[in-house]
Amino acid sequence: MPELTEEAVAETPRAPVDLERALEAILMVADEPLPLVSLATALGSPIAAVRQSIERLVADYDGEGDGPMRGFELREVGGGWRIYVRPAFDDVVKEFVLTQNPTKLSQAALETLAVIAYKQPISRGSVAAIRAVNVDSVVRTLLGRGLIQEAYTDSETGAIHYETAPLLLTSLGINSLDELPKISPLLVDGRDGFDDLS
Amino acid sequence: MPELTEEAVAETPRAPVDLERALEAILMVADEPLPLVSLATALGSPIAAVRQSIERLVADYDGEGDGPMRGFELREVGGGWRIYVRPAFDDVVKEFVLTQNPTKLSQAALETLAVIAYKQPISRGSVAAIRAVNVDSVVRTLLGRGLIQEAYTDSETGAIHYETAPLLLTSLGINSLDELPKISPLLVDGRDGFDDLS
Amino acid sequence: MTDPVAEAAAVEGAVGFRLTLSNFSGPFDLLLSLIAKHELDITEIALSRVTDEFLSYLRGVDTEDELDQASEFLLVAATLLDLKVAGLLPQGELVDAEDVALLEARDLLFARLLQYRAFKEAAAWFAHGIEAESTRHVRAVRLEEKYRKQSPDLVWTLSLGDFAALAALAFAPREIPTVGFDHLHAPLVSIREQAAHVVALLRGGGPVTFRQLIAGADQRGVIVARFLAVLELYKYAAVTFEQLEPLGELTLTWSAQHWTDDSLASLGADYDA
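Protein chains in written order, with my numbering: chain A, 32 to 229; chain B, 32 to 229; chain C, 101 to 373.
Here chain A stands alone, though its shape is the one from the complex (with noise of 0.2 Å):
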């Protein structure tokens, strides 16, 4: 991905109509979040343009414009947008989608989740002792599914480190890690020596 700044992708300058159908038709074809910047580029128009275009076509398929509010709907999700059924048709949509839901997480493999999610990267050691338990296996699952990768392995010690992969963002339908819920306030009282208990 070549850097970009706002001004730097502006070539042909479209009228912000044709941006909006242009805009629709990539996201017919995506297969993945595409992040404004990729949607930049593929149209030689600058980010702002298609930041501003985006937020109008939000705003056309929520029913905010003259059109009706659409079955479907405009989403920022894992660093990027694309098209989702709006909830109110996802029971409708059901039968006409293959979806292999895969087998939920066990309450295990949730903790371990949220401990590499907030302590990233982190390695299986360190996990293993914020849990008191061996995680071996529930990272094994954590990585099939996709959830956590391979951040780094520590030159010293030989442990890979684990962080969390782009699909968790996906799969919590959230845009960015910024997202989650900010975990010191359950820690209530915050006792020191927290940090080096890791």
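If you're looking for bench data, these hints aren't it; they were derived computationally from the structure. We put the beta carbon where it would ideally sit given N, CA and C, even for glycine. Hints are all accurate, no fakes.
Calculated pairs, DSBU-like style, for lysine-lysine (alpha carbon to alpha carbon, straight line, at most 35 Å): (1) K246(C) x K135(B); (2) K184(C) x K150(A); (3) K184(C) x K137(C); (4) K213(A) x K220(C); (5) K213(A) x K150(A).
To give an idea of the chain A side of the interface with chain C (calculated C-beta under 7 Å), a few residues: (6) V60; (7) V128; (8) V146; (9) S202.
Based on the hints, put chains B and C in the right spot on chain A.
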């Protein structure tokens, strides 16, 4: 698919607007063209009503109502209805597809291809277990590149098994899979504990 | 939620201990459940009140097989017991270092419990989020044939040998072995990383002696790994070596014809097993 007459489907009539919104929700996620009768069955609406709603949607997307002409269109193909990119935007979409598809396969894609080549036919789950990462998107890439193909679907689990396509042989400059160099010492271990990966 | 017992068995593939302790994922999980059962807050009193119950869960553990999995429980149990015994002593009088150590152990236990509880609550948020999102439907349709044809042609650069090496790499266990080093508390050394170091030193340069190769390596593990790396590189015909007399100076020369970073990645795979 049960046989349905136009009358038999009628059960819970809905307001036409609702019907259009539900239809566009379904059409947004449908991969295959959907016959009227399937849509009518799913929505519990008379076929005639569904046909009218479809016609209104076509006109709507074509900009014949109050709204703009969309970047997508609703078209009847092979006896069913599906949403496609509007041909006027073919160039934009082609440009986008170009930027999304680099000419070289990623390391992850190559490794997955290697696993499939040596273990075929193999399900996605089994590849994921061997590589210890989620391989859904790379398998899609390899399918799209014509390097692998579906071999069969396991009748019990419904898991699709993949095999390499002739293009791989051509790319490697060999005539048959027998010519793949043996790497057997590394294949014997049959890794314990990986079976529980979905 | 699914049946927790079946879930624990299926997900962890665990035998024995987890099942004996029904469905608690670790000692903190059990402690928190016990404290919650008595509707208590996390305090010293709460801990002393649930200690007996906690210990009763441990009585199911009898075989050596389960001991490994039980060790974390036993550690917590020991701390709890110490605290309970100390509770019989007059309060507020710190007599010796042992008491101080006990207070530290107690605070550590509290801190870890609180931390565990925080992550447990976060996990509930994750579960809810994933559950809610799993009902959503995203547009993900096959690319139309006319656009697929538009994809630029693949540039294939791998030779048959490269491809096999890649397969070997993919099938090799991804982790550097840790067993056997843990109890020595020695840092783990990766042969592949040491090989990278060796390659960097040798490649494009003149002959290097093994003595120079291990200069600055202060750990035996690193020296061993570099030696193994040299042997691996020799197997790949990437280096040649010369030793004029037994136990004499070993001189290495870079001799690889086709060397890529991929070759390095597949190096030492045998040692991974």
